[in-house]
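Please construct the entire structure, taking both the sequences and the accompanying hints into account.
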Amino acid sequence: LGGKHGKFGPYHHRAKTDEDAWSIQQTGELRGTPRRGSGIPQPQAFDGPLPEGAIGFEFYTDVEPHGATAPGYVRWMDGDPGVVSIDPFNAMIRVKVVKNTHRKPAK
Amino acid sequence: MNAQIPVSDWPFGLSEDALLLRLSPEDISARTSAVFEAGSDDLGEVESAIIRREHGREIAFQRHKHAPVPGTVVIRYAGDDSSLKWIAKQLGLTSHDVIWSAPGVHLPTSSAKTKTTVIAGIAAAAASALALATTSQKRRANRGPDGRFASTQRSKGRPRKQRA
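Chains A and B are the protein sequences, given in the same order. Heads up: the first sequence at position 17 corresponds to 17 in our numbering, and the numbers run straight through without jumps. Heads up: the second sequence at position 116 corresponds to 1116 in our numbering, and the numbers run straight through without jumps.
Keep in mind that the hints were calculated from the coordinates and are not lab data. We treat Cβ as the ideally placed atom computed from N, Cα and C, and that holds for glycine. Take these hints with a grain of salt, some might be off.
Taking lysine-lysine pairs in the DSSO-like style, the calculated list, with each CA pair at most 30 Å apart, reads [unchecked claim]: (1) B:K1065 x A:K7; (2) A:K96 x A:K4; (3) A:K16 x A:K104; (4) A:K99 x A:K16; (5) A:K104 x A:K4; (6) B:K1065 x B:K1085; (7) A:K4 x A:K16; (8) A:K99 x A:K7; (9) B:K1065 x A:K99; (10) A:K96 x B:K1065; (11) A:K7 x A:K104; (12) A:K99 x A:K4; (13) A:K16 x A:K96; (14) A:K16 x B:K1065; (15) B:K1065 x A:K104.
Residues from chain B that keep clear of chain A, each with C-beta distances beyond 10 Å, as calculated [what the hints assert, rightly or not]: (16) E1054; (17) G1092; (18) T1094.
See below:
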């Protein structure tokens, strides 16, 4: 099974700011915009667990990733089941962050 | 003559992952004269290049610094086999160069021998390059009593054997 945290994963992200990473952990929302060449908003991540020693976060989700991506990449396209459309430029999936090595921002 | 397109002018529709190559940006630049630009996107630091074939359409390359499967993604317009064949020829792709190809992608072959080696190479390289995904893949494949993911994945054409 995908585990108690979600049906799909683990995935990881290494490009968020400390604030964004902790916000994603707190809200459980991973947002994305259209990638270059595409008009479809799409949260993206890398496949697999967060590498040892890397700054980033690791997560699971119940939303099935889009199939047509190169190995190592995962994307959730606006319009696919479970992907929440926020506006024409933003879409979101619900995630459960299980590891976060970002520095916790001071309150 | 190939024309270089600035990444800032990335053409709309040029967004379909077609190949993952073992070649570095330096390798690709040497073979095609494509000039890679450093930048960043939702996934972090990335090197990108776009070239336009003479009398043809554009094709793009992207390599993310932190991608778990090291390689350069070749991006085409949806279903643009012609440009893909062209760039494969420009790059002089061998079976060793190709880590993964999207379902339905058929690389150009000049002989039966080449075709055989390319296909064999894709299968062998994909199996080793995707080792990192084994854990999550196993979890996905085994999840749930209804088996929905497995059947969906097959129907979308994501080759399970390449990721197993």
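Here is how each hint holds up against the structure:
{"no.": "1", "hint": "B:K1065 x A:K7", "in the structure": "holds, 28 Å"}
{"no.": "2", "hint": "A:K96 x A:K4", "in the structure": "holds, 10 Å"}
{"no.": "3", "hint": "A:K16 x A:K104", "in the structure": "holds, 13 Å"}
{"no.": "4", "hint": "A:K99 x A:K16", "in the structure": "holds, 14 Å"}
{"no.": "5", "hint": "A:K104 x A:K4", "in the structure": "holds, 25 Å"}
{"no.": "6", "hint": "B:K1065 x B:K1085", "in the structure": "holds, 26 Å"}
{"no.": "7", "hint": "A:K4 x A:K16", "in the structure": "holds, 25 Å"}
{"no.": "8", "hint": "A:K99 x A:K7", "in the structure": "holds, 17 Å"}
{"no.": "9", "hint": "B:K1065 x A:K99", "in the structure": "holds, 21 Å"}
{"no.": "10", "hint": "A:K96 x B:K1065", "in the structure": "holds, 25 Å"}
{"no.": "11", "hint": "A:K7 x A:K104", "in the structure": "holds, 27 Å"}
{"no.": "12", "hint": "A:K99 x A:K4", "in the structure": "holds, 14 Å"}
{"no.": "13", "hint": "A:K16 x A:K96", "in the structure": "holds, 16 Å"}
{"no.": "14", "hint": "A:K16 x B:K1065", "in the structure": "holds, 14 Å"}
{"no.": "15", "hint": "B:K1065 x A:K104", "in the structure": "holds, 24 Å"}
{"no.": "16", "hint": "E1054", "in the structure": "holds, 21 Å"}
{"no.": "17", "hint": "G1092", "in the structure": "holds, 21 Å"}
{"no.": "18", "hint": "T1094", "in the structure": "holds, 19 Å"}
The structure fails none of the hints (numbered hints given earlier).
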